[in-house]
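Undergrad: Listed below are the residues making up each chain.
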Amino acid sequence: MMKKYDIYCGLFWLGVALIVSVTSLLKFGLGSFGYPGPGFFPFLVGLLLIFLSIGMIGIALKEKLKSPDFKQWPLFHRNVTITLLVLFAYAFSLESTGYILGSFILFVYLFRFPSGKRWWVAVVLSVIVVATTYYFFGVLLQTQFPKGILNI
Amino acid sequence: MDTYHYILLGLKVGLLPVNLLMCFVGVLIGTLVGVLPGLGPVAAMALLLPITFHLTPVTAIIMLSGIYYGAMYGGSTTSILVNIPGEAASVVTCLDGYRMARKGRAGPALGMAAFGSFIAGTMGILILMLVANPMSAVVLRFGPPQYFSLMVLGMTLLIYLAQESKIKALVMVCFGLILGFIGIDVLTGQPRFNYGWMELADGVGVVPLIMGVFGIAEVLVNIEDMTAQDVYETRIKGLFPTRRDWADSKWPIARGTAIGFFLGLLPGGGPIIASFSSYAIEKRLSKHPEKFGTGIIEGVAGPESANNAATASGYVPLFLIGIPTNGVMAMLFSALLIHGLQPGPLILKDHPEIFWGTVMSMYLGNVMLLVLNLPLIGLWIKILKIPYQILFPLILSFCIIGAYSINNSVIDVVAMLVFGVVGYLMRKFRYEGAPLILAFVLGPLLERAFVQSLNMSAGSYSIFFNEPISAVTLTIAFVLVLLSALSVFRKMAAEG
Numbered sequence: 000m001m002k003k004y005d006i007y008c009g010l011f012w013l014g015v016a017l018i019v020s021v022t023s024l025l026k027f028g029l030g031s032f033g034y035p036g037p038g039f040f041p042f043l044v045g046l047l048l049i050f051l052s053i054g055m056i057g058i059a060l061k062e063k064l065k066s067p068d069f070k071q072w073p074l075f076h077r078n079v080t081i082t083l084l085v086l087f088a089y090a091f092s093l094e095s096t097g098y099i100l101g102s103f104i105l106f107v108y109l110f111r112f113p114s115g116k117r118w119w120v121a122v123v124l125s126v127i128v129v130a131t132t133y134y135f136f137g138v139l140l141q142t143q144f145p146k147g148i149l150n151i
Numbered sequence: 000m001d002t003y004h005y006i007l008l009g010l011k012v013g014l015l016p017v018n019l020l021m022c023f024v025g026v027l028i029g030t031l032v033g034v035l036p037g038l039g040p041v042a043a044m045a046l047l048l049p050i051t052f053h054l055t056p057v058t059a060i061i062m063l064s065g066i067y068y069g070a071m072y073g074g075s076t077t078s079i080l081v082n083i084p085g086e087a088a089s090v091v092t093c094l095d096g097y098r099m100a101r102k103g104r105a106g107p108a109l110g111m112a113a114f115g116s117f118i119a120g121t122m123g124i125l126i127l128m129l130v131a132n133p134m135s136a137v138v139l140r141f142g143p144p145q146y147f148s149l150m151v152l153g154m155t156l157l158i159y160l161a162q163e164s165k166i167k168a169l170v171m172v173c174f175g176l177i178l179g180f181i182g183i184d185v186l187t188g189q190p191r192f193n194y195g196w197m198e199l200a201d202g203v204g205v206v207p208l209i210m211g212v213f214g215i216a217e218v219l220v221n222i223e224d225m226t227a228q229d230v231y232e233t234r235i236k237g238l239f240p241t242r243r244d245w246a247d248s249k250w251p252i253a254r255g256t257a258i259g260f261f262l263g264l265l266p267g268g269g270p271i272i273a274s275f276s277s278y279a280i281e282k283r284l285s286k287h288p289e290k291f292g293t294g295i296i297e298g299v300a301g302p303e304s305a306n307n308a309a310t311a312s313g314y315v316p317l318f319l320i321g322i323p324t325n326g327v328m329a330m331l332f333s334a335l336l337i338h339g340l341q342p343g344p345l346i347l348k349d350h351p352e353i354f355w356g357t358v359m360s361m362y363l364g365n366v367m368l369l370v371l372n373l374p375l376i377g378l379w380i381k382i383l384k385i386p387y388q389i390l391f392p393l394i395l396s397f398c399i400i401g402a403y404s405i406n407n408s409v410i411d412v413v414a415m416l417v418f419g420v421v422g423y424l425m426r427k428f429r430y431e432g433a434p435l436i437l438a439f440v441l442g443p444l445l446e447r448a449f450v451q452s453l454n455m456s457a458g459s460y461s462i463f464f465n466e467p468i469s470a471v472t473l474t475i476a477f478v479l480v481l482l483s484a485l486s487v488f489r490k491m492a493a494e495g
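Chains U and X supply the protein sequences, listed in that same order.
Residue numbering for the first sequence follows numbering that gives the first Met the number 0, beginning at 0 and increasing consecutively.
Residue numbering for the second sequence follows numbering that gives the first Met the number 0, beginning at 0 and increasing consecutively.
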């Protein structure tokens with residue numbers, strides 16, 4: 000598994016390196032060797048990354064196949080995938096839902112599903128967390144949380 | 000002013016009620032972070048950074064530093080009682096600390112970890128006070144070529160000392176540098192790599208990056224497997240080590256202090272390497288090396304002393320040279336910048352209260368930690384029993400609020416989540432976070448020093464080799480690159 004993933008990683012880094020190098024070369028300008036332009040340093044780093052990614056792929060191809068690592072596989076565990084989707088949805092909707100409502104829904108989900116608490120426990124814990132964090136950060140430390148549809 | 004006057008100034012600053020309070024808050028949170036597996040000091044500092052915007056710079060640094068060395072103390076508790084290190088520098092304490100607890104000697108193990116940490120931490124601070132003034136006089140003569148070479152050496156050392164693959168560490172350095180390029184080029188004012196996104200015009204924020212890579216990623220990894228950890232059920236009695244324990248520990252503590260202080264000075268060194276090195280040296284010097292790993296007090300005293308001494312010495316390169324040596328120092332470096340202070344030799348001259356106030360508060364913080372860690376051990380054990388199912392939503396909530404409150408912007412929350420995914424994948428593919436953060440923080444400085452050096456020499460690269468310090472530093476970096484390359488080729492040859 001590691002071998003396969005190292006090849007994928009190497010290809011990914013090669014892609015990043017090419018984008019960085021080409022952008023530096025064509026868009027920013029390298030300047031001269033003695034008087035570097037804004038693209039010079041990024042170009043060098045991109046070049047180094049190209050060598051490294053090719054090296055990584057080369058090493059991975061030569062390496063013997065290792066046994067699968069349970070921590071690595073599956074790449075995205077179901078709990079992790081769903082939690083990430085919920086977190087991104089929360090972040091993108093935070094301005095419209097507001098901190099209190101958005102966070103309440105987020106914590107009910109987190110306590111109910113990945114944590115496996117009962118519904119009523121999840122609701123009570125979420126109320127406590129949202130109220131405490133809102134009071135501490137919003138009231139005491141004056142953090143300007145988004146108000147959202149509840150306007151609070 | 001001489002050192003004596005600076006110490007008095009530091010005491011005056013450190014003893015201000017607000018600084019005493021924030022030092023206490025810092026060490027308390029640090030101990031908590033150290034005790035609870037899943038949130039290291041870097042993420043905790045990043046989380047609390049926005050809160051420090053309400054504080055003066057010196058109070059902010061005092062609090063953030065408290066979190067750092069507090070976590071070093073707290074980390075040993077989980078290592079000894081649960082066999083799970085609260086943070087990476089306490090990994091090696093598990094080997095003998097947990098065995099001691101199993102043998103009914105949890106008390107002396109916890110006691111020696113706290114006393115060893117206190118002695119080493121205090122000694123580290125004393126040495127730091129003695130070297131600060133003479134060293135700053137030398138560092139003041141440094142120019143861009145010396146800075147460039149030192150930063151190159153720092154990154155090279157980090158790669159050389161990488162625990163996982165060296166190639167992957169180097170890839171992380173490149174990735175950190177690339178992330179650092181995003182935004183306005185400080186030398187020409189030209190926007191780079193933002194691809195028209197206004198949100199990226201100011202570059203990538205260090206707080207969302209660190210919180211994502213360390214905080215969110217840690218939570219995601221733990222969500223995969225939320226099996227409860229058993230806290231070793233024993234009545235902890237006799238926290239004070241016996242006379243025999245002290246006799247066995249005195250030299251490991253002394254050696255741990257020396258090793259820790261030295262390794263903490265090196266870029267890429269820091270508490271983790273220090274604790275492992277101390278353990279290895281104690282085992283080698285011991286008359287009974289076979290007993291290491293079976294629950295002997297030397298295996299706790301040495302590493303715990305080393306990681307605390309390294310914590311103190313990490314402030315030397317940060318404050319005196321302006322180069323962070325590890326992820327935590329990179330966080331402190333960013334905190335100083337955010338508070339409008341440029342770390343480096345001039346900080347001692349222009350703002351002596353920042354450096355000396357922080358150093359003296361560390362002394363006071365070490366005393367507070369001794370009081371917090373020994374009599375309150377029962378409380379920490381209770382906290383250890385909080386299930387992760389309750390803990391992780393709280394960690395996530397602090398991360399979200401921490402990221403949001405930097406600019407009151409959702410963009411920072413999204414950026415943190417994106418870096419959380421990056422950090423999660425880095426764990427899966429065994430990439431280390433420290434080289435990424437350090438390269439990200441040092442990248443813009445490295446580029447600036449490089450271009451300024453060439454401007455000084457009218458475009459000649461000989462400037463990097465004409466200056467003795469720069470030449471020696473670059474030569475060492477070159478040798479380390481060669482050694483790293485050799486080790487990679489040897490490994491490849493061994494694998495056939």
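Calculated directly from the structure, the hints in this document are not laboratory data.
By construction, the Cβ of each residue, glycine as well, lies at the ideal position given by its N, Cα and C atoms.
Hints should not be assumed to be uniformly reliable.
Unchecked claim - For each label pair, taking beta carbons as the anchor points, the in silico distance ranges come out as: (1) U:Lys26 x X:Ala493: 41 to 49 Å; (2) X:Ser486 x U:Ile127: 35 to 43 Å; (3) U:Leu140 x X:Ala492: 41 to 49 Å; (4) U:Gly54 x X:Phe239: 51 to 59 Å; (5) X:Tyr194 x U:Phe11: 17 to 25 Å; (6) U:Gly54 x X:Val471: 53 to 61 Å.
Claimed, not checked - Quick look at which bits of chain X chain U covers, simulated, 3 or more residues with Cβ under 8 Å: (7) 176-186; (8) 269-276; (9) 295-304; (10) 384-391; (11) 398-409; (12) 412-423.
What the hints assert, rightly or not - No farther apart than 25 Å at their CA atoms in a straight line, the calculated lysine-lysine pairs in the DSS-like style are these: (13) X:Lys348 x X:Lys102; (14) X:Lys102 x X:Lys381; (15) X:Lys236 x X:Lys102; (16) X:Lys384 x X:Lys236; (17) X:Lys282 x X:Lys249; (18) U:Lys3 x X:Lys381; (19) X:Lys11 x X:Lys236; (20) U:Lys3 x X:Lys286; (21) X:Lys236 x X:Lys249; (22) X:Lys286 x X:Lys102; (23) U:Lys61 x X:Lys490; (24) X:Lys165 x U:Lys61.
Undergrad: If a hint holds in the structure, say so; if it doesn't, say that too.
TA: Hint by hint, here is what the structure shows:
For Lys26 of chain U and Ala493 of chain X, the hinted distance range of 41 to 49 Å is satisfied, since their beta carbons lie about 44 Å from each other. In this structure the hint that Ser486 of chain X and Ile127 of chain U lie 35 to 43 Å apart at CB is violated, the actual value being about 52 Å. A hinted range of 41 to 49 Å for the beta carbons of Leu140 of chain U and Ala492 of chain X is inconsistent with their spacing of about 57 Å. Taking 51 to 59 Å as the suggested C-beta distance range, the pair Gly54 of chain U and Phe239 of chain X conforms, at roughly 54 Å.
At roughly 18 Å, the beta-carbon separation of Tyr194 of chain X and Phe11 of chain U lies within the given 17 to 25 Å, and the hint holds. Range check, Gly54 of chain U to Val471 of chain X: about 29 Å between beta-carbon atoms, so the 53 to 61 Å window is missed. Here the segment 176-186 of chain X counts 5 residues with a CB under 8 Å from a CB of chain U, which clears the bar of 3, and the coverage holds. Proximity of the segment 269-276 of chain X to chain U, defined as three or more residues with a beta carbon under 8 Å from a beta carbon of that chain, is not established by the 0 residues found.
Look at the segment 295-304 of chain X against chain U: 0 of its residues bring a Cβ nearer than 8 Å to a Cβ of that chain, fewer than three, so the hint is violated. Chain U is given as covering the segment 384-391 of chain X, and this holds because 3 residues of the stretch bring a CB closer than 8 Å to a CB of that chain, at least three being needed. Only residues whose C-beta sits within less than 8 Å of a C-beta in chain U count toward coverage, and the segment 398-409 of chain X has 6 of them, enough to reach three; the restraint holds. Chain U is given as covering the segment 412-423 of chain X, and this holds because 6 residues of the stretch bring a CB closer than 8 Å to a CB of that chain, at least three being needed.
With a CA separation close to 53 Å, the supplied pair Lys348 of chain X and Lys102 of chain X exceeds the 25 Å bound. Pair hint Lys102 of chain X plus Lys381 of chain X holds up; C-alpha atoms about 21 Å apart against a cutoff of 25 Å. Between Lys236 of chain X and Lys102 of chain X the alpha-carbon distance is near 13 Å, which keeps this suggested pair within the 25 Å criterion. For the hint linking Lys384 of chain X to Lys236 of chain X, the alpha-carbon distance of about 19 Å falls within 25 Å, and the restraint holds.
With a C-alpha separation of about 15 Å, the suggested pairing of Lys282 of chain X with Lys249 of chain X holds against the 25 Å cut-off. A hinted pair counts as satisfied when its Cα atoms are at most 25 Å apart, and Lys3 of chain U with Lys381 of chain X does not qualify at roughly 44 Å. Between Lys11 of chain X and Lys236 of chain X the CA atoms are separated by roughly 38 Å; this puts the pair beyond 25 Å, and the hint is violated. Using a Cα cut-off of 25 Å, the hinted pair Lys3 of chain U and Lys286 of chain X is violated, with the two alpha carbons roughly 46 Å apart.
Between the alpha carbons of Lys236 of chain X and Lys249 of chain X the distance comes to roughly 22 Å, so the proposed pair stays at or under 25 Å and holds. A C-alpha spacing of about 22 Å is found between Lys286 of chain X and Lys102 of chain X, which places the hinted pair at or below 25 Å, so the restraint holds. The suggested pairing of Lys61 of chain U with Lys490 of chain X holds, with an alpha-carbon distance near 12 Å, which does not exceed 25 Å. Proximity of Lys165 of chain X to Lys61 of chain U is assessed by CA-CA distance (about 17 Å); at most 25 Å being required, the pair is judged to hold.
Checked against the numbered hints given earlier, the structure breaks hints 2, 3, 6, 8, 9, 13, 18, 19 and 20 and satisfies all the rest.
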